[in-house]
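Construct the complete structure from the given sequences, taking the supplied hints into account.
Next come the chains, spelled out residue by residue.
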Amino acid sequence: MESSRTILTKIFTDYYLGAAQAKKDGKPIAYVTAFTPVEILRAMDITCLYPESYAVVCSASGKAGDMIGSSGMGQFAGDLCSYSLISLGMDHAERLPYGGLPEPDFMVATNNQCGTTLLWFRLWSQRKNIPLFMIDYPTGSENTDQNEYVYRQYLALIEFVKKQTGRDLDQRVLAQQAANSRAACKLWSQVHVLNQAALQIDAAKLANALFPIVAARGTPAVCRYCETLIHEHSRENENAVIAAQPSFRLLWHGYPLWFLPKRYPSFNDDRFQIVLNDYTLWWDLDYPAADTLESLIRPYTSTYLNWLPQRRIDWTEQLVRDYAIDGVILHANRSCRRALAHVIPLRDHLLRQGIPSIILESDMANPDYYSPEKMNSQLESFKESILAA
Amino acid sequence: MTAVDPILKNCRSMVLNPHHRRAYLQSVSARSCGIIGYFSNYIPAEIIAAAGFHPLRLIGCFGSVSGPALCDPMCSFVQDFYATQCSGLADLLTGLVFPNSCDSLKVLRQVWQTRPDGPQCWTLDHPVNTDGPALLYLTSQLRRLASELAAASRSTVSDEKLHAAITEYNTIRGLLRQCYAKVEARRLRYSDLLAVATAGLMLDRNEFTRMLQEFAGSSLSQPLSGNPVMLAGPLTDDLELVGALENHGACIVGDSVTNGWRYCSQDIATGGDIYTKIAQHILSQASPTAFDLHRPSLAARAAELGACGIIFLNQERCEPHVHSYVKCAAELEQQSIKTLLIEVEHGRPGLQARDLMRIESFMELL
Chain A
20 MESSRTILTK
30 IFTDYYLGAA
40 QAKKDGKPIA
50 YVTAFTPVEI
60 LRAMDITCLY
70 PESYAVVCSA
80 SGKAGDMIGS
90 SGMGQFAGDL
100 CSYSLISLGM
110 DHAERLPYGG
120 LPEPDFMVAT
130 NNQCGTTLLW
140 FRLWSQRKNI
150 PLFMIDYPTG
160 SENTDQNEYV
170 YRQYLALIEF
180 VKKQTGRDLD
190 QRVLAQQAAN
200 SRAACKLWSQ
210 VHVLNQAALQ
220 IDAAKLANAL
230 FPIVAARGTP
240 AVCRYCETLI
250 HEHSRENENA
260 VIAAQPSFRL
270 LWHGYPLWFL
280 PKRYPSFNDD
290 RFQIVLNDYT
300 LWWDLDYPAA
310 DTLESLIRPY
320 TSTYLNWLPQ
330 RRIDWTEQLV
340 RDYAIDGVIL
350 HANRSCRRAL
360 AHVIPLRDHL
370 LRQGIPSIIL
380 ESDMANPDYY
390 SPEKMNSQLE
400 SFKESILAA
Chain B
2 MTAVDPILKN
12 CRSMVLNPHH
22 RRAYLQSVSA
32 RSCGIIGYFS
42 NYIPAEIIAA
52 AGFHPLRLIG
62 CFGSVSGPAL
72 CDPMCSFVQD
82 FYATQCSGLA
92 DLLTGLVFPN
102 SCDSLKVLRQ
112 VWQTRPDGPQ
122 CWTLDHPVNT
132 DGPALLYLTS
142 QLRRLASELA
152 AASRSTVSDE
162 KLHAAITEYN
172 TIRGLLRQCY
182 AKVEARRLRY
192 SDLLAVATAG
202 LMLDRNEFTR
212 MLQEFAGSSL
222 SQPLSGNPVM
232 LAGPLTDDLE
242 LVGALENHGA
252 CIVGDSVTNG
262 WRYCSQDIAT
272 GGDIYTKIAQ
282 HILSQASPTA
292 FDLHRPSLAA
302 RAAELGACGI
312 IFLNQERCEP
322 HVHSYVKCAA
332 ELEQQSIKTL
342 LIEVEHGRPG
352 LQARDLMRIE
362 SFMELL
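Protein chains in written order, with the numbering used here: chain A, 20 to 408; chain B, 2 to 367.
Don't take every hint at face value.
To be verified - From the derived model, a few chain A residues whose C-beta atoms are all more than 12 Å from chain B:
hint: 1; residue: Pro157
hint: 2; residue: Ala175
hint: 3; residue: Ser285
Stated by the list, open to error - From chain A, some residues computed to sit far from chain B (all C-beta separations above 10 Å):
hint: 4; residue: Ala38
hint: 5; residue: Asp44
hint: 6; residue: Ser72
hint: 7; residue: Phe95
hint: 8; residue: Gly97
hint: 9; residue: Arg114
hint: 10; residue: Met153
hint: 11; residue: Gly185
hint: 12; residue: Ala228
hint: 13; residue: Leu279
hint: 14; residue: Asp297
hint: 15; residue: Arg317
hint: 16; residue: Asp341
hint: 17; residue: Glu392
To be verified - Some chain B residues near chain A, calculated using beta-carbon distances under 10 Å:
hint: 18; residue: Gly133
hint: 19; residue: Leu137
hint: 20; residue: Ser222
hint: 21; residue: Ser325
No lab work stands behind these hints, which were simulated from the structure alone. None of the values given here were measured: they were computed from a predicted structure. Glycine included, each C-beta is placed from N, C-alpha and C at the ideal position.
Structure representation (structure tokens):
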């Protein structure tokens, strides 16, 4: 049986080499945002590439600074999303990981994670002079008309892609992609469940394991990868590598710090360990069973960042219970305005519930906003508050 | 003293003095179903008015000194508004209508909804596209908003009431366009028009129409001198800054700002389904969600106005306008049109010395 590491490497290689090959073969390539309904595009035989995921790779490779400097956003860079800046810098920076992403034929952007993606993709598509399609997902679930609206946009997307590439939608492939995505998301959720009773899979490993569900969702390889991860870390597996159990189980709320080798700051104390980062669960998308075009409305409308803050707060509280969490670290990621909406209300709510929590300000991909000294000192105080509780 | 001086004094005070505004709104509140605040010109005040409420565009100096802050990097307008509301300075509102536009405003709405003590909130989903599905969706959202506001005021929003409101607001737009023609001909000072147009978004519209008729009839005896420039940006309510531009040699001949030309350049068409007409009007406007913030192109508008430079007055940390500026500045540079960017911290009193120096240098350059 292949190890999860082997499958992950293969998914990674297939993604980057596959993109280069597609470019060589003249096959259409689309840049898409993280929560684009890629099942539709793949059912039209489009190679989908995720600039956000590539920004993570660049940040982890220590290239963020150079690329942000090349973004052309000058004095405004300090107020903008680092993923967007890294991507915009891709066109001018040198010595990029994997040689950069191949040029796209068109782009698809959605606002079910934030409004920044629309602004960034719009500007980028204008700079590159290539077509852009934007899908508008209403926020929250207040509007009964929203399903019809999103469905109509899906039809318009199909027409747009057809116009750009001459390719038709293959309903059979669409159904297969949707079924694979549904299965993969369920398995991805189960991977996290491993840590509910005891810490069985390291948080850094889980963060690194995110790539397949983001970039290859809809392909059978992701299910295989998740199944293998579950098998490798399951207590029933006698060869399972089970981590040392912490005395205090922590939840990291929000984006990891991709530029850190371990993705999270060190606690310098084995008694404290992150057992869950809810960010990786954002890809536990809720696909209904139908496997049709309509079935792609719910998962992409009901993304975490498209929820209203109260739902996000309730969800976090539920995770605290399910994972027996002793303390919550809220990452106030300056890159993501939408994710910041609930940070202060959530901290206040958790404190009212008697759950120790702390807000750490930093950035997901730009190390300039990371101060190890400050963060260590904040974490020391946080640990003391947990011990006192 | 001219006949329009009292009008100007009143309008400037409405924009700059939160205490004056509060006193005025208290009197308005007593003679309406209540006051509904709204955040953008993409929310049709006509529907709010047809529901019996006084529509109050949330603009002008809020008077915040300090207060609870939202996490950075929310834009300075949103930070200022949040701080003011949290200090109880704007408790006169019956409700708030939020646009589904930029993330800062979305965050403001979302944080607001977690507060138990705030006024009721409604949201108008403004589509990011302008195609068929967007028109249908926006039309349905406008109907929903009208019905929710009618329920809140325990009245109805009939087509007749809505039509009457549209006619009234179109009259205002028409009068403002007349004023813009005078600004372009240098027969009206731009900062005066901006004060009046901005105050008009807060005043009782009947009262404002009468005021505007008088103002539109006034004219300077001598044309204004100075370098012809155009303003661009989001909401522009820093009258002190605009006045400083004029005092440093700028003759502002037009703009592309939300509470200026972009508000009044087009009427809402009448005839046919009234909600569809409003939706068409909104979708024909440049907006933060549709990104194309300066439609038609700034270069074309500057040429039309005979402006030799464009001054961008952006709110600090306004994400859509940063992206728009980066795109526009590159295009304008290619066309050899000179630009100056001044970032305004909403609610910050006084001008920064650095900004004044930059304005002086820009005027010399022109």
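Checked hints:
1. Distance check for proline 157(A) against chain B: the nearest CB is about 5 Å away, which does not clear 12 Å, and the non-interface claim fails.
2. Distance to chain B contradicts alanine 175(A) as a non-interface residue, since its nearest Cβ pair spans about 6 Å, not more than 12 Å.
3. The Cβ of serine 285(A) sits about 25 Å from the closest Cβ of chain B, beyond the 12 Å cut-off, so the non-interface label holds.
4. With 10 Å as the threshold on Cβ separation, the claim that alanine 38(A) sits away from chain B holds: the shortest Cβ distance comes to roughly 27 Å.
5. At roughly 32 Å from the closest C-beta of chain B, the C-beta of aspartate 44(A) stays outside 10 Å, upholding its exclusion from the interface.
6. Separation of serine 72(A) from chain B is adequate, the least Cβ-Cβ distance of about 21 Å exceeding the 10 Å criterion.
7. Separation of phenylalanine 95(A) from chain B is inadequate, the least Cβ-Cβ distance of about 5 Å not exceeding the 10 Å criterion.
8. Interface exclusion of glycine 97(A) from chain B breaks down, the closest Cβ pair being 8 Å apart, not more than 10 Å.
9. Look at arginine 114(A): its CB is around 25 Å from the nearest CB on chain B, clear of 10 Å, so calling it non-interface holds up.
10. A cut-off of 10 Å between C-beta atoms contradicts the statement that methionine 153(A) is not in contact with chain B; the least separation is 5 Å.
11. At roughly 21 Å, the least C-beta separation between glycine 185(A) and chain B is larger than 10 Å, which holds for a residue marked as non-interface.
12. Distance check for alanine 228(A) against chain B: the nearest CB is about 28 Å away, which clears 10 Å, and the non-interface claim stands.
13. Chain B leaves leucine 279(A) outside its interface by the beta-carbon criterion, the shortest separation being 21 Å against a cut-off of 10 Å.
14. With a minimum CB-CB distance of about 17 Å to chain B, aspartate 297(A) clears the 10 Å threshold, and the non-interface call stands.
15. Every CB of chain B is more than 10 Å from the CB of arginine 317(A) (nearest about 17 Å), matching its label as outside the interface.
16. Non-interface status of aspartate 341(A) relative to chain B is upheld: no Cβ of that chain comes within 10 Å, the nearest being about 23 Å off.
17. With a minimum CB-CB distance of about 20 Å to chain B, glutamate 392(A) clears the 10 Å threshold, and the non-interface call stands.
18. Given the 10 Å rule on beta carbons, the hint for glycine 133(B) holds: about 7 Å separates it from the nearest Cβ of chain A.
19. At a threshold of 10 Å, the smallest CB-CB gap from leucine 137(B) to chain A is about 7 Å, leaving the interface hint in force.
20. Look at serine 222(B): its Cβ only gets to about 43 Å from chain A, farther than 10 Å, so that hint breaks.
21. Because the beta carbon of serine 325(B) sits about 8 Å from the nearest beta carbon in chain A, less than 10 Å, this interface hint is met.
In the structure shown, a violation is registered for the earlier hints numbered 1, 2, 7, 8, 10 and 20, in ascending order.
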